[in-house]
Each structure stands twice: as structure tokens, then as C-alpha cells.
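Protein chains: 2
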Amino acid sequence: MQITHDELQQLDDRYRANLINSLSGFKSANLIGTVDKQGRTNLAIVSSVFHLGANPPLLGMISRPHSVARHTLDNILAIGEYTINHVNAAIWTQAHQTSARFPREISEFDAVGLSAQWHDGVKAPFVAESRLKYALKLRSHQTIDLNGVVLLIGEVTQLHVEQGAVTDSGYIDIAQLGSVAVSGLDSYHTAQNLGRLSYAKPDKVPQRLD
Amino acid sequence: MQITHDELQQLDDRYRANLINSLSGFKSANLIGTVDKQGRTNLAIVSSVFHLGANPPLLGMISRPHSVARHTLDNILAIGEYTINHVNAAIWTQAHQTSARFPREISEFDAVGLSAQWHDGVKAPFVAESRLKYALKLRSHQTIDLNGVVLLIGEVTQLHVEQGAVTDSGYIDIAQLGSVAVSGLDSYHTAQNLGRLSYAKPDKVPQRLD
Chain A
410 MQITHDELQQ
420 LDDRYRANLI
430 NSLSGFKSAN
440 LIGTVDKQGR
450 TNLAIVSSVF
460 HLGANPPLLG
470 MISRPHSVAR
480 HTLDNILAIG
490 EYTINHVNAA
500 IWTQAHQTSA
510 RFPREISEFD
520 AVGLSAQWHD
530 GVKAPFVAES
540 RLKYALKLRS
550 HQTIDLNGVV
560 LLIGEVTQLH
570 VEQGAVTDSG
580 YIDIAQLGSV
590 AVSGLDSYHT
600 AQNLGRLSYA
610 KPDKVPQRLD
Chain B
410 MQITHDELQQ
420 LDDRYRANLI
430 NSLSGFKSAN
440 LIGTVDKQGR
450 TNLAIVSSVF
460 HLGANPPLLG
470 MISRPHSVAR
480 HTLDNILAIG
490 EYTINHVNAA
500 IWTQAHQTSA
510 RFPREISEFD
520 AVGLSAQWHD
530 GVKAPFVAES
540 RLKYALKLRS
550 HQTIDLNGVV
560 LLIGEVTQLH
570 VEQGAVTDSG
580 YIDIAQLGSV
590 AVSGLDSYHT
600 AQNLGRLSYA
610 KPDKVPQRLD
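Line order of the protein sequences matches chains A and B.
Numbers given in our numbering equal positions in the first sequence, counted from 1, plus 409.
Numbers given in our numbering equal positions in the second sequence, counted from 1, plus 409.
These are computed hints drawn from the structure, not numbers from a lab.
Model, not experiment: these values are computed from the prediction.
Honestly, I wouldn't trust all of these hints.
Treat identical chains as interchangeable: a pair holds within one or across any two.
[Said to hold, decoys possible] Under the rule of at most 30 Å between Cα atoms (straight-line distance), these lysine-lysine pairs were calculated in the BS3-like manner: (1) K532 <-> K546; (2) K532 <-> K446; (3) K446 <-> K546.
Full structure from sequences and hints, please.
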């Protein structure tokens, strides 16, 4: 079926949100750990973390507009640090529940039953139950004029990962860690390996690395 | 294991690239279809497409810096249109091979054995073998100062999807379409459904929608 630009504009808002959120493909599922100046912790699931560069190690994240985004964005801008914690298949329902609009004085850690974990040198809380997590320092933020969302860019300052998941090449086997993927607004998935392929060259068929 | 910022900086470049590329979690796998002013088609796999907003329907994409990026970025900037085509499990090895550095006069469609498909109103080629694909008009582009990569933002102008995959709510079952996910630089995955969860509210446990 074909859907034109005009037809997209005429769709019911919720239908369009489901449809358009399905277009990018599988998304990462991460919990963002933050704290405010009063020391109150916050935890929020996001599917908008993306790789931006390896050297320096930068990750981007899209936040909803200032007008609707709340504690996570406020905390990151106030403190300048945050953690990103992979959601895995053991905690996916608790992770989803962090998206409920809890009042500021309630920590999502307590509300959903996940444990805050603190590491020296990092002001923001990690998620103890996450098996791959890292801290970032905010490096830049900007509002995207086209729709008011906010692009946050952070640099990795500290990484915690289960040692057995890191391969000799540096690749982390996130499927083995149970990391989950998101599609659309609310669908969660585990991953099965198809395979790894060698660096592509014009005159060669890609080789399986696994 | 813990890895500090200083240790990250001392890693071998390739090891660090593998490691840092694993951090964001599962990534989308898409083929970008473009054409230049001479009508020569180009196809490139990217794992950097992300959802930016549903109304207007916007998607972001990260391109390598101008100094190393080549035909895809040039073509998008020259023509102002491009297509995004989900990679599925039937074409993942061909899709990977588009990342080889073919000369400009060779179309990756021909080189890897995928078929260009044209639709009225869109200047760029779609991938016939892709089961979920859409055209975009470039709405903005900017260089990220921190590392020189380029953020491209496009608005969806035309969508093609297999009808049976679109649910009543607008959600597209991309696992059913065989869409694949990427982790790290070169690892491909299919997805298994964990489930869909209801919109989260503070006083309710999330309900399964499926």
C-alpha cells in the first residue's frame, strides 16, 4: 500500500504516531539516570539514543520539546551528567513503567522497583540491574527548529559492562546481554544473531566473522 | 568491568570503534537510495536513521564528515530527496556489501544485486526488495562541531509498506516484515517479540496489548 504526504497529514494523531514511529526500524531501549540539585533521582526510558562517533566517544539523544519534557531534560541541563543503561529482557516491563508521569518527588527507581547504583566520579545514578551502562558528560544541546525537540550530545566518561560480553575485537555482544530493541511506541523485542560480516570491499563477497 | 575515560582514549582505534558502536544498543538497518544530477543511482547501508517526530513526520540520519562521506551525502544535498528502505533478512548480505567503496560510475544496486524501483513524484530510487520504504525531502542539514559528522533531517513524502503488516492502531509489525537490527559495526539480528505494553500511568501496572 502507498500512503502519500497528504494522507499522512490527515491521519488521526495517535494512528500517525504509531505509524511514523515504526518507520526508522528497530530502536535502542535505554534508561536515562539523572539527579536534580536536591539529590532526587529520576529514571526514564528512551528509544532515541544513537551513536554519533567513536573518537571522541559521543552519543546523541532526542528529548521531547521543553514544553512537554520534564525531569530528565531539566536534570541533565542542571547537572551536566547522566547515565545510559541498556534495558534487558529481565527488566523491560519495569523500564516501560518509568514513562508514566510520576511527580517530581517520587523516584522512578522506587516506583518501578529498580535499584540506583552510584560510582565514584559520576554524579548521576546507574541502574544496578542493567548489564551495560555508562556515564556521560553533556557536551552540547540544541533545539531542532522544525519541531521543537531537543538534541542532547554527551561524551562517555565511564563504562560498566559484564566482561564476558566484550569480544577480542571490542565488539560487545549485546544480544547475549539480553539487551532489547523497541519498535513503534511500545513494542519490545529480543534479538537473534543473523551473523557478523567482514568489512566490505568492492571486489570481495562479505565473509562471515562468526 | 569498568573502563574509564582515560582508558577509552588509549584504546586501539578499531577496538574503540567496535566498543563505542556497541553502546547505543540495537540500531536500525536501512538502505539509503539516492541519485545524482547525471541520473546515476547510489545505494548505501546506514545504521544511523532515527525517529525525530511524527507531526510533521521527520527522520534524522547521521552522515560521516564531508571529508570522508561521499556519494550519498553529495546526492542528498544536490537533489534534496532520498529514500529510506528497511533491510530485511532476505537481503542483509547484499545490503552490507553496499558499504564497499565502489567508484561513482558503478551503481551499488547493480554491484550487489538489488533492484531500483521508481515511483511517481519521487526523484530518488527505492529498493524493490525492501518491504517498508519511504521517500523524504531534505528539510535541514548541519555539521556537528564536536566531531564533524553531518545531521540530515528529512520529512516523509511517500510511504510504501506491505498492507498486512500495518495493524489497526497504525503500528507496523516490522518483525513480521523481517526487518533487521544492527549492533556494533557489523553484526546483524532478527527480532523476536517480547510484547507490546499499554501507555504507562503512575497508578497502574502496564498491560500487555498483544
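Results for each hint:
When the C-alpha separation of K532 and K546 is checked against a cutoff of 30 Å, the pair qualifies only within one copy, where the shortest distance is 10 Å, while the shortest distance between copies is 41 Å. Taking the shortest alpha-carbon separations for K532 and K446, only the intra-copy value of 10 Å comes in at or below 30 Å, while the best inter-copy value is 51 Å. When the C-alpha separation of K446 and K546 is checked against a cutoff of 30 Å, the pair qualifies only within one copy, where the shortest distance is 16 Å, while the shortest distance between copies is 42 Å.
When the structure is compared with the earlier hints, no violation turns up for any of them.
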